[in-house]
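> Kindly generate the complete structure, drawing on both the sequences and the hints.
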Amino acid sequence: MEHNRLSASPARRTLRRMWQDRVLYLILAPTIIYFLVFRVWPIINMRLAFYDYKARGPWEFAGLKYFKLIFGTSAFQDILKNTLIISFMKYVLLFPLFVIFALLLNELRSKRFRQYVQVVSYLPHFLSWVVIAGIWMSFLSPAETGGLNQLLGFFGAEPVDLLTSKGAIRWILFLCEGWRSLGWDSIIFFTAILNISPSLYEAAKMDGANRWHMVRYIILPALLIPMTTVFILNLGYFMSAGFDQVYNFTNPAVNSVIDILDTYVNRVGIEQAQYSIGTAVSLVKGAVGVALVCMTHVASKKLTGEGVW
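If you want the numbering used here, it's the 1-based position in the sequence shown plus 3.
With a Cα cut of at most 27 angstroms, we get these calculated DSS-like pairs of lysine-lysine:
1) 84 <-> 169
2) 84 <-> 68
3) 84 <-> 71
4) 71 <-> 57
5) 208 <-> 114
6) 68 <-> 57
Since the hints were made in silico from the structure, they are not lab data.
Here's what the structure looks like:
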């Protein structure tokens with residue numbers, strides 16, 4: 004009896020602490036429920052990729068049937084290519100701009116003006132892609148009321164229709180993502196810059212360093228670890244390419260160049276009710292994302308000595 008009571012005491016102490024902090028756990032509960040329902044439970048049901056789905060009756064094991072099916076179609080190869088291109092533009096080409104924006108914010112001498120720039124740059128992040136797509140579509144509208152064509156008309160240029168241009172639509176996605184994320188995604192870098200000790204700047208000034216030298220030898224080395232961490236974590240989303248954005252900008256004229264894995268899963272797996280195919284594509288996408296994070300982490304540890312974990 005004494006042994007059982009002693010062995011149960013750590014659990015009782017834990018429960019007692021949880022009860023004391025019950026308000027905090029209650030606040031945390033919606034987040035935990037969200038991840039259990041929309042993150043953990045879908046992982047368990049990824050097994051559907053290896054089965055023939057039936058609404059009634061037991062599922063029949065299909066092996067790699069659906070993986071062979073998706074990789075054997077030319078349409079899937081085009082969709083995979085679109086995903087890689089768009090993701091590269093968003094997660095690789097945009098990444099340096101976030102760091103540059105943080106550096107420029109730090110160079111602003113007027114605190115009031117810097118705060119104004121920060122607020123203006125952060126606001127688009129809180130808008131849904133439906134609203135953002137509406138704003139950009141209104142600006143890029145081929146009609147005479149479109150903001151871009153009004154500017155072109157003012158300078159005597161011919162109107163353009165970029166929303167249906169296969170050569171321009173990916174760059175529109177790139178610019179929209181940059182406009183929405185530039186301020187918000189630069190916060191971590193700007194915070195890292197603010198945490199640099201002022202004594203380093205003072206010592207650099209005494210040694211005759213100019214502003215460029217301070218950026219190169221003080222600020223950029225301080226940003227190396229957060230830049231590496233953020234870049235590695237971003238690679239986990241490399242195969243996503245942004246469903247919400249693409250879905251709102253897609254139209255029949257440009258669908259062939261911006262149709263990505265997530266829109267394919269939505270169209271085939273949900274709209275056409277081919278759940279096994281949709282699950283197989285999602286499983287491939289998730290596996291590639293995990294592999295990219297792990298490989299980049301290992302490479303970063305060898306090159307810089309720092310990684311995500």
